[in-house]
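Asks: My request is simple: use the sequences and hints to build the entire structure.
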Amino acid sequence: MEKVSFQIDNKKCEALYGQMLVDAARDNGIYIPTLCNMQGTKPCGSCRVCTVKINGRYATACTTPVACGMEIESETEEIKNIRLGLIELIFAEGNHYCPTCEMSGNCELQALGYRFGMLAPRFPYQYPDREVNTDCPHLIIDYNRCIRCKRCIRSIKDIEGKSYFAFKNRGNKIEVTIDTEMAKTMSKELANLAMENCPVGAILVKETGYRVPIGKRKYDNNMIGSDINATNTVKTEGVL
Amino acid sequence: MSKPIIATASLAGCFGCHMSFLDIDERILKLVELVDIGKSPITDIKTFTQEYDIGIIEGGCCNSENVHVLKEFRKNCKVLISLGECAIMGGLPAMRNGIPIEECLNEAYLDGPTVKLNKEAIMPNDEELPMILDKVYPAHEIVKIDYFLPGCAPRADLIWEALVALVTGNEMNLPYEVVKYD
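Chains C and R, in that order, are what the protein sequence lines are.
Number 165 in this note's numbering belongs to position 165 of the first sequence; there are no gaps in the numbering.
Number 99 in this note's numbering belongs to position 99 of the second sequence; there are no gaps in the numbering.
Please note: incorrect hints may appear among the correct ones.
Across the chosen pairs, the derived CB separations fall in these ranges [claimed, not checked]:
1) C:Thr100 with R:Asn106: 14 to 24 Å
2) C:Val132 with R:Tyr109: 50 to 60 Å
3) R:Arg27 with C:Arg122: 28 to 38 Å
These are computed hints drawn from the structure, not numbers from a lab.
Cβ coordinates follow ideal geometry from the N, Cα and C atoms, glycine included.
Replies: Structure representation (structure tokens):
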């Protein structure tokens, strides 16, 4: 297959033609932070956390295929500040009570907050009034934590390829919903997969919880992205 | 030059942050070489006698007394630090923010499954009691806060590093493990 060459932060990179930028960067040992993106499913670019500057223009790295001669800025102060702002907005928009959340320590949103050195969001907390859905036999869906990344809609499907989850409403009232009739047929394995695929703690499996002790969870000691690009220096924004 | 003076307070919190503060263990001996501890539940000093340098706030504001104490701290401290998730975002007490206050009080004093002795259906309403607020507010929505130290509770190492950095003017050197939101 045809190869294309491009640059990320002045580092020369090569990738296969048609590869998405986040995947191409990963193959070249460069981590571009992502939240809604999931390897193996069609990207949708809803969270914008993977924003980069390509030849001076902003674009999401998960939905942009690489092309010859691209000059990409990723770890610049400007881009890092945009990404931090996006994470802060998500924290302020929902009810993200980390101390009470079962996914704390395994949560990608939280892990990105740690990576970007967020100590407190700069935006006012909204404290929205949202529900918890316990109608499904295997799942608890906590809308307080949902970030509308669409991962569950894109990846949790039945044998015919029909999605269990869907969006309802529009604009800032958009919400993920589940077909409760269909959910009765959902296997335990699929329910576990739904919980695993959810980047935050919005989808939880019933009858189990807090299985991994504090200190051994995914992001307790390892920064998100350190498996791709090992940097373990924390630069906290706005602290002392 | 005299030593900087620290004040601490626990508002709508569980005292966990103060416990974590004491978790600096023997480093507290080094701390008292660096600073004086003034008004604080640790020293049991109740009033401000002079201008303080650093105020440490645990917990958000859930009633009028919390607001009063917080404003006193802002008036008397040069630097104010929000310590822990409750001060930063309301924390566990803020989980009531989506529920009307009347419903909360009814559940606590009238309708709750463990309410048995309140036969006359008395709702606490003495003027000596602080007024409960419509919701729980983070400290920085009431007064200006200068620094934030997250965690539930914040790791002792984080508190120690932050205080030493603030007092000595050196940069903080934080390992990844100490800045956590839980």
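Asks: Hints first: check each against the structure and report whether it holds.
Replies: Outcome of the hint check:
Restraint check, Thr100 (chain C) to Asn106 (chain R): a C-beta distance of roughly 23 Å satisfies the suggested window 14 to 24 Å. Taking the beta carbon of each, Val132 (chain C) and Tyr109 (chain R) are about 25 Å apart, not inside 50 to 60 Å as hinted. A beta carbon spacing of about 31 Å between Arg27 (chain R) and Arg122 (chain C) agrees with the range 28 to 38 Å that was offered as a hint.
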